[in-house]
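S.K.: Single-letter residue listing:
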Amino acid sequence: AQSVTQPDIHITVSEGASLELRCNYSYGATPYLFWYVQSPGQGLQLLLKYFSGDTLVQGIKGFEAEFKRSQSSFNLRKPSVHWSDAAEYFCAVGTYKYIFGTGTRLKVLA
Amino acid sequence: GAVVSQHPSWVICKSGTSVKIECRSLDFQATTMFWYRQFPKQSLMLMATSNEGSKATYEQGVEKDKFLINHASLTLSTLTVTSAHPEDSSFYICSAGTSGRYEQYFGPGTRLTVT
Numbered sequence: 032a033q034s035v036t037q038p039d040i041h042i043t044v045s046e047g048a049s050l051e052l053r054c055n056y057s058y059g060a061t062p063y064l065f066w067y068v069q070s071p072g073q074g075l076q077l078l079l080k081y082f083s084g085d086t087l088v089q090g091i092k093g094f095e096a097e098f099k100r101s102q103s104s105f106n107l108r109k110p111s112v113h114w115s116d117a118a119e120y121f122c123a124v125g126t127y128k129y130i131f132g133t134g135t136r137l138k139v140l141a
Numbered sequence: 879g880a881v882v883s884q885h886p887s888w889v890i891c892k893s894g895t896s897v898k899i900e901c902r903s904l905d906f907q908a909t910t911m912f913w914y915r916q917f918p919k920q921s922l923m924l925m926a927t928s929n930e931g932s933k934a935t936y937e938q939g940v941e942k943d944k945f946l947i948n949h950a951s952l953t954l955s956t957l958t959v960t961s962a963h964p965e966d967s968s969f970y971i972c973s974a975g976t977s978g979r980y981e982q983y984f985g986p987g988t989r990l991t992v993t
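In order, the protein sequence lines correspond to chains L and E.
Taking my numbering, I'd label the letters of the first sequence as residues 32 to 141.
Taking my numbering, I'd label the letters of the second sequence as residues 879 to 993.
Treat the hints as calculated values from the structure; they're not laboratory data.
Honestly, I wouldn't trust all of these hints.
Stated by the list, open to error - The calculated BS3-like cross-link candidates involving lysine-lysine, where the alpha carbons are at most 27 Å apart (straight line), are:
hint, chain 1, residue 1, chain 2, residue 2
1, L, K138, E, K919
2, E, K919, L, K80
3, E, K892, L, K128
4, L, K128, E, K933
5, E, K942, L, K128
Produce the entire structure from the sequences given, and follow the hints as far as they go.
M.R.: Right, dumping it as structure tokens:
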């Protein structure tokens, strides 16, 4: 069955600390991979995407993600978190229809 | 580019009435549109997929007679929640895609509250 797992429901980090949000997927073939961010009451904003090529993908707001085929993972990272990064983060995979993970809520301590 | 709008951004309706939500692609032709539902603090669940000029394809468990989807043009899709009940209260998000490309462009969402 196709699925996306974000193991961490909540993550709290201090401002300036590094961040890694995990995403694992189960899919029949290598899908396209996405990370979105959602602020409360708002729509989704695309942070980055992976279709093919270099497995380290750079996105907006200083985020990056690494695709590891052998681990079926697409973890999101940021070297130094800002208070404005507090939001809900969703990993999504698919080739036509998307499957979304359950999300990780990020809290940033001042 | 690739901007998707939704209207209204929020709506309150009484139980038993119907409400229509519009999803528009503003600067591209959307051959496919997707409708998602998101409950508070939960993920997005795909409700249905619609291709321009065709009937929508609903995901398992979604009542097609309750959630009417129309995709009459390459820039407009509508979701009508018929005979709405409080349990239909949710955040509805649409996305649009173009032929040959696998990326979806998301609208800002519509919050529906049924009283």
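S.K.: State for each hint whether it applies.
M.R.: Hints and how they fare:
Of the supplied pair hints, the one linking K138 (chain L) and K919 (chain E) holds, its CA atoms being roughly 14 Å apart against a limit of 27 Å. Between K919 (chain E) and K80 (chain L) the CA atoms are separated by roughly 23 Å; this keeps the pair inside 27 Å, and the hint holds. The hinted pair formed by K892 (chain E) and K128 (chain L) fails the criterion: a straight-line CA distance of about 32 Å is larger than 27 Å. Between K128 (chain L) and K933 (chain E) the CA atoms are separated by roughly 17 Å; this keeps the pair inside 27 Å, and the hint holds.
Distance hint between K942 (chain E) and K128 (chain L) is fulfilled; the C-alpha atoms sit about 18 Å from each other, no more than 27 Å.
Checked against the numbered hints given earlier, this structure breaks only hint 3.
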